[in-house]
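Protein sequence lines correspond, in order, to chains A and B.
This note's numbering numbers the first residue of the first sequence as 21 and each following residue consecutively.
This note's numbering numbers the first residue of the second sequence as 9 and each following residue consecutively.
Think of the hints as simulated: they come from the structure by calculation, not from any bench.
No residue lacks a Cβ here, since even glycine has one placed at the ideal position from N, Cα and C.
Careful: at least some of the hints might be erroneous.
[Stated by the list, open to error] Calculated cross-link-like contacts (lysine-lysine; reagent style BS3-like; alpha-carbon spacing at most 30 Å):
| no. | chain 1 | residue 1 | chain 2 | residue 2 |
| --- | --- | --- | --- | --- |
| 1 | A | K444 | A | K454 |
| 2 | B | K534 | A | K95 |
| 3 | B | K403 | A | K95 |
| 4 | B | K275 | A | K444 |
| 5 | B | K275 | B | K323 |
| 6 | B | K10 | B | K356 |
| 7 | A | K76 | B | K397 |
| 8 | B | K532 | B | K542 |
| 9 | B | K472 | A | K95 |
| 10 | B | K458 | A | K95 |
| 11 | B | K527 | A | K76 |
| 12 | B | K542 | A | K244 |
| 13 | B | K532 | A | K76 |
[Said to hold, decoys possible] So the derived list for chain B, only partly shown, Cβ under 7 Å to chain A, looks like this:
| no. | residue |
| --- | --- |
| 14 | G370 |
| 15 | I396 |
| 16 | T400 |
| 17 | K420 |
| 18 | T687 |
| 19 | V688 |
| 20 | F690 |
| 21 | N691 |
| 22 | V692 |
[Claimed, not checked] Derived Cβ-Cβ restraints for the label pairs, each shown as a range:
| no. | chain 1 | residue 1 | chain 2 | residue 2 | range |
| --- | --- | --- | --- | --- | --- |
| 23 | B | D554 | A | R47 | 57 to 65 Å |
| 24 | A | V447 | B | L406 | 51 to 59 Å |
| 25 | B | E408 | A | Q381 | 25 to 33 Å |
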Amino acid sequence: MSKKIYERPILRKVVEGIPNKFGSLKRLRPVETIDNVAINDIIDEYGSPVFIISEKTIRETYKTAYCAFSTRYPKVQFAWSYKTNYLDAVCRIFHQEGSWAEVVSGFEYEKALDNNVSGSKIIFNGPDKSDADLTRAINNKSLIHIDHFDELYTIIEILPKLKERPQVAIRVNMDTGIIPQWDRFGFNYENGEAWNAINRILTDGGIDLIGLHIHIGTYITMSKAYSIAIEKLAALANKTFDRFQKSISYIDVGGGFASQNTLQGAYMPATDTTPSFDDYAHAITTAMTSVNFPNNETPTLILETGRALIDEAGWLAGSVLANKRLADGRRAMVIDSGINLLFTAFWYDYEIFPVQETSFQSEPTTIYGPLCMNIDVVRNNIDFPLLNKGDRFVIKRVGAYTMTQWMQFITYRPNVVLIDLNGKVHVIRKEENKEVFRIQELVPKHLQNK
Amino acid sequence: MKNKLKIKSALFGEAVLTSYAQIFFTDNKILASILVLVSFIDWWIGLSGLIAVTTAVALAELFGYSQIISKRGLFSFNSLLVGLGVGTYFLPGLDVLILIIVGSAIAFFSTIFLMGFLAKYSLPFLSVPFLIGMWLMLFSFPSFGGIALNTEALYPSNMFFKLGGNTLVFVVDFLNNLFADTGFETYFLSLGAIFFQFNILAGVLIAIGLLIHSRVIFLLSLVGFFVAYWFYSYLGMYQGTLNYTYYGFNFILSAIAIGGYFLIPSKQSFLWSMALVPVLVITTVGTSKLFGFFEMSVFSLPFNLVIISVLYAFKIRFNQTVPPILTLVQQKNPETNAYLYASQPAKKFAAFTNPIRLPFLGQWTVNQGHEGFYTHKDFFKYAWDFVIKDETTEKEFLGEGLLSTDYFCFDKPVIAPASGTVVAVLNAIDDNEIGIANTIHNWGNTVVIKHDLYLYTKMCHLKKGSVEVKVGDIVSEGQVIGKCGNSGRSPYPHLHFQVQSSAEIGSPTMYYPLFEYLKLVDSKLKFTSKGIPKENEILQNISTSDILESAFRWNPGDEFNLTITNKKSKERVYVIKNVIDSYNLSSLHCISTGAVMYYSNNGKSFSALNYVGTKKSPLFYMYSTFYKVIVSERSDIIVTTPFPVHQLYRFPTITIQDFLVPIGIFLKGNYKLTYTESTVTFNVQKIEMNSKIEGYKNKQLFNSNITVHNNRTIQILCTNNNNTKIQLKWENRLV
Numbered sequence: 021m022s023k024k025i026y027e028r029p030i031l032r033k034v035v036e037g038i039p040n041k042f043g044s045l046k047r048l049r050p051v052e053t054i055d056n057v058a059i060n061d062i063i064d065e066y067g068s069p070v071f072i073i074s075e076k077t078i079r080e081t082y083k084t085a086y087c088a089f090s091t092r093y094p095k096v097q098f099a100w101s102y103k104t105n106y107l108d109a110v111c112r113i114f115h116q117e118g119s120w121a122e123v124v125s126g127f128e129y130e131k132a133l134d135n136n137v138s139g140s141k142i143i144f145n146g147p148d149k150s151d152a153d154l155t156r157a158i159n160n161k162s163l164i165h166i167d168h169f170d171e172l173y174t175i176i177e178i179l180p181k182l183k184e185r186p187q188v189a190i191r192v193n194m195d196t197g198i199i200p201q202w203d204r205f206g207f208n209y210e211n212g213e214a215w216n217a218i219n220r221i222l223t224d225g226g227i228d229l230i231g232l233h234i235h236i237g238t239y240i241t242m243s244k245a246y247s248i249a250i251e252k253l254a255a256l257a258n259k260t261f262d263r264f265q266k267s268i269s270y271i272d273v274g275g276g277f278a279s280q281n282t283l284q285g286a287y288m289p290a291t292d293t294t295p296s297f298d299d300y301a302h303a304i305t306t307a308m309t310s311v312n313f314p315n316n317e318t319p320t321l322i323l324e325t326g327r328a329l330i331d332e333a334g335w336l337a338g339s340v341l342a343n344k345r346l347a348d349g350r351r352a353m354v355i356d357s358g359i360n361l362l363f364t365a366f367w368y369d370y371e372i373f374p375v376q377e378t379s380f381q382s383e384p385t386t387i388y389g390p391l392c393m394n395i396d397v398v399r400n401n402i403d404f405p406l407l408n409k410g411d412r413f414v415i416k417r418v419g420a421y422t423m424t425q426w427m428q429f430i431t432y433r434p435n436v437v438l439i440d441l442n443g444k445v446h447v448i449r450k451e452e453n454k455e456v457f458r459i460q461e462l463v464p465k466h467l468q469n470k
Numbered sequence: 009m010k011n012k013l014k015i016k017s018a019l020f021g022e023a024v025l026t027s028y029a030q031i032f033f034t035d036n037k038i039l040a041s042i043l044v045l046v047s048f049i050d051w052w053i054g055l056s057g058l059i060a061v062t063t064a065v066a067l068a069e070l071f072g073y074s075q076i077i078s079k080r081g082l083f084s085f086n087s088l089l090v091g092l093g094v095g096t097y098f099l100p101g102l103d104v105l106i107l108i109i110v111g112s113a114i115a116f117f118s119t120i121f122l123m124g125f126l127a128k129y130s131l132p133f134l135s136v137p138f139l140i141g142m143w144l145m146l147f148s149f150p151s152f153g154g155i156a157l158n159t160e161a162l163y164p165s166n167m168f169f170k171l172g173g174n175t176l177v178f179v180v181d182f183l184n185n186l187f188a189d190t191g192f193e194t195y196f197l198s199l200g201a202i203f204f205q206f207n208i209l210a211g212v213l214i215a216i217g218l219l220i221h222s223r224v225i226f227l228l229s230l231v232g233f234f235v236a237y238w239f240y241s242y243l244g245m246y247q248g249t250l251n252y253t254y255y256g257f258n259f260i261l262s263a264i265a266i267g268g269y270f271l272i273p274s275k276q277s278f279l280w281s282m283a284l285v286p287v288l289v290i291t292t293v294g295t296s297k298l299f300g301f302f303e304m305s306v307f308s309l310p311f312n313l314v315i316i317s318v319l320y321a322f323k324i325r326f327n328q329t330v331p332p333i334l335t336l337v338q339q340k341n342p343e344t345n346a347y348l349y350a351s352q353p354a355k356k357f358a359a360f361t362n363p364i365r366l367p368f369l370g371q372w373t374v375n376q377g378h379e380g381f382y383t384h385k386d387f388f389k390y391a392w393d394f395v396i397k398d399e400t401t402e403k404e405f406l407g408e409g410l411l412s413t414d415y416f417c418f419d420k421p422v423i424a425p426a427s428g429t430v431v432a433v434l435n436a437i438d439d440n441e442i443g444i445a446n447t448i449h450n451w452g453n454t455v456v457i458k459h460d461l462y463l464y465t466k467m468c469h470l471k472k473g474s475v476e477v478k479v480g481d482i483v484s485e486g487q488v489i490g491k492c493g494n495s496g497r498s499p500y501p502h503l504h505f506q507v508q509s510s511a512e513i514g515s516p517t518m519y520y521p522l523f524e525y526l527k528l529v530d531s532k533l534k535f536t537s538k539g540i541p542k543e544n545e546i547l548q549n550i551s552t553s554d555i556l557e558s559a560f561r562w563n564p565g566d567e568f569n570l571t572i573t574n575k576k577s578k579e580r581v582y583v584i585k586n587v588i589d590s591y592n593l594s595s596l597h598c599i600s601t602g603a604v605m606y607y608s609n610n611g612k613s614f615s616a617l618n619y620v621g622t623k624k625s626p627l628f629y630m631y632s633t634f635y636k637v638i639v640s641e642r643s644d645i646i647v648t649t650p651f652p653v654h655q656l657y658r659f660p661t662i663t664i665q666d667f668l669v670p671i672g673i674f675l676k677g678n679y680k681l682t683y684t685e686s687t688v689t690f691n692v693q694k695i696e697m698n699s700k701i702e703g704y705k706n707k708q709l710f711n712s713n714i715t716v717h718n719n720r721t722i723q724i725l726c727t728n729n730n731n732t733k734i735q736l737k738w739e740n741r742l743v
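Generate the whole structure from the sequences, applying the supplied hints.
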């Protein structure tokens, strides 16, 4: 018989719930393994904290998403949104599954090329594209999604120097009944900017307009919104065909599919409310198939889903640094991963689990990160079991935006490991050390005295 | 007027000539000419035949019957036989001339009647009309006082002397001595007897004609005859009876009909032609005894009786994909039939020509195939059930699978597998809870689509209220007709799909392959041209490439410039015309050389069906290059099919192969088409492909690098087996 787990004394108010003869039991089950690999072993070998990514989950999620769309619509293409997670290993898994790349900067564009994505399978989005970026992308036959007139003018300006004809799409924003309207990106439909942009592009003669791009917002599953959006795009496509005899080859509906992380302030947990890929696919493909595109053609449907594809596959494992009691009597726990690694903790209520078996008791707890900053809060209020210093925890669904938005603040960024399909663990990004920063820094001569 | 006369006389000439060859089931002109010659060994017999056949052709014209059929001699060859027969029996005279015309007319009208009657069963009328005409003539003869019997043919030496003097008599005597008392004497006599020429010279000439026309037919004539000859002696009958009854030709014609004409020549067809000989012998002996009471010859009665009944038996077989295979389209001779049949990617499904494709989008798994374990039994054994499975977990549902909505396939679009008309719809049956099957409304919500006569498809267990079409709607391939559901006898969501021959919901299934799909094998997609998907196979339809589709979409009347350039000669331009005939068969005609390439394009695959004419036309390169093209958008598929060997090899290699057809086709020609991945996905300017034909031990016989441009021009760089490089350019003249 093993030794009983030590339980420090606590104060606890009676919480609501229907008691039975065992009392009102609410217990967080520990998460001990990821893909059958013990988390403790990973922390022992790769340090604490450590990001863990499951290749199996990535591939399964991708296949589910692809199946949801491809069994509803004949031509479907996913493009991996680099900004969500641009670790090379992660990107390459998506590319192996057939995903293209969607990038929003010269840096991401370079990463995509380094990941052996052929230029014609890179979608270049976003408002920030330098002349050099545009020149390179156009010469690589990449798809340029024009965001504003100044970008269009730049392209027209550099046209004579280009080796290839630019293959462009325009991003369109419109009123679909969704509030807030995302009108900061692209050309507005209602005020005629989008039609104006199309005219500018096609009258020039040197540019091929091949796609239309919208992004009506996140968390939208109302078919109505998609059908309004796609109806308007089809109208635009038809108008374009009537005037220029050019048909649109693809419709990019962007991404914005929610993951199962619960947003702060949400009444219900996201696992119960988040729409599935099937819900999105149904809404979008129903809209796509109910409108008539010019020339009876079926444009390819491009999806730039990021978050919903990767969030589930990422985990952050770490250790407890300390426990304390706050002024108002609330319990607080300090852990070794803060908002430097989880910027997203500002808007998500992350699910945190102990890694080992704990006692049956739990207490409302505030979980703080290790930073010397008041805002470093990972969970404001969670009913959490009583962990001790050195005990380990794991945070679920941290695959999206964490490993791109993290900061080197106060301390180094940790190892990122990938569990492959055979359960083998690989480091895919090494933990930082002082050399990483020393290389970047230059000390002027007058400060170099010893 | 003059022109009209010219066309008419050309028609008459061709119809009369091919009537002679048609007796051996062909319209080969060389054989026909030899046969005309043979019939004129006795001028009166020859003339009788000619008058009879002309009469029949004239009657067909008078009645305005199809000139195409007339040109093939089908209306008139029975009259020809009657004419030859009457000429043999009666001496020349004006009265006999009238008899010939009457006999010819009898045979002609019998032909028309039997043709109409037997066509319903797609059976041939063979020489039954001749039997009717000839017997009527002979039965009525004793009543005519003024007509004398022809004895000329009884004294062949006199006849040959008149015809060719001493030399010919000498030649015939030499032949007689050479084959005397051997089976060959009887064989040649029997061959000659088909044309009422009871002498060896006629037989030898006909045999040479057969050999020139077709090695397989020549071989079959020998096989049929000698097996019978042996069987006579085996049963203890005097083989010499064959010498004066002349019934030997029954065995020859039967062997040709079964072994090479109505069936694709193969091991099986040869075995069948031999196996039928005993039946024929008994029929011959029995019927001739019977007809003996009337002092009448049975002529070709045994052949007609046995072949028509055996063919009927073959034609009503339920499964037509096992050999022997019935010949669907008659080419110039049986070996060509065999070569063209063997050079199809899914040859056993050759008889299925209307494309039916998968009724869904994306990748689905066959959950129950033909003769399945659960419900695909008896009348309903040729059906498929499809579901969507998660590739990694192999599960059909998310979560616990206790709700219909947990299932991946539930609520997914179901599409029309081919274009057609909706003939039955059910849309109001509730979807079941998981695990419960509705056995009252067995098929659940259903759509039945009619694609052609006796060709319907049925999609069942659709979601309640999801059916988007109504009876009478015309649907195009790929159009969404409803959503996969869980209604009817369906304990969990799945799509039931079947091909059937009638419009009712609940009709029995029909064996029918599915066309042009991709099958996931070891996470690679494999192309299948026609096939019966099996349980657990993961399938998807192919998506078409706009560029390829439009490059191969040719309108009737389109004219193309085919420009050929090679190192030695200057650029030459050939004009190619696209033609569609009244049978809806498409072909390209090279105007200057007369070469014709037949092709079909079913929307997803372009197939070169046949090439007729000189290989000097650059059209032959088109034929070799585009023997089979899938207008696929994917570049990772490979199209492979055997290439017809008679287009690849020359005399004497191909002649040896001709003789070996009954054993197998040993010459190799493997056609392979691969695609180069395009650098861009959208706004594609050109598609590059490579086709090659490989012979024995992968020796490259032909290689083509193809570039298809989006303005529908095609450029081909061919390399022959002698390493000469030829450049071709294909462009529409009218554009």
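Status of the hints after comparison with the structure:
1. A:K444 <-> A:K454: Holds. K444 (chain A) to K454 (chain A) sits at ~29 Å (cutoff 30 Å).
2. B:K534 <-> A:K95: Status holds; Cα separation ~19 Å.
3. B:K403 <-> A:K95: holds (24 Å)
4. B:K275 <-> A:K444: violated (57 Å)
5. B:K275 <-> B:K323: holds (19 Å)
6. B:K10 <-> B:K356: violated (50 Å)
7. A:K76 <-> B:K397: Given that 30 Å is the threshold and the Cα spacing comes to 17 Å, the pair holds.
8. B:K532 <-> B:K542: holds (17 Å)
9. B:K472 <-> A:K95: With a Cα-Cα distance of about 27 Å, the restraint between K472 (chain B) and K95 (chain A) holds, given a limit of 30 Å.
10. B:K458 <-> A:K95: holds (27 Å)
11. B:K527 <-> A:K76: holds (24 Å)
12. B:K542 <-> A:K244: violated (40 Å)
13. B:K532 <-> A:K76: holds (20 Å)
14. G370: holds (3 Å)
15. I396: holds (6 Å)
16. T400: holds (5 Å)
17. K420: Holds - the Cβ of K420 (chain B) comes within 7 Å of chain A, reaching about 5 Å at its closest.
18. T687: holds (6 Å)
19. V688: Cβ of V688 (chain B) sits 4 Å from chain A, so the hint holds.
20. F690: Status holds, d = 4 Å.
21. N691: holds (5 Å)
22. V692: This interface hint is violated because 9 Å lies over the 7 Å limit.
23. B:D554 <-> A:R47: 57 to 65 Å: holds (60 Å)
24. A:V447 <-> B:L406: 51 to 59 Å: Hint violated: Cβ distance 33 Å, outside 51 to 59 Å.
25. B:E408 <-> A:Q381: 25 to 33 Å: holds (31 Å)
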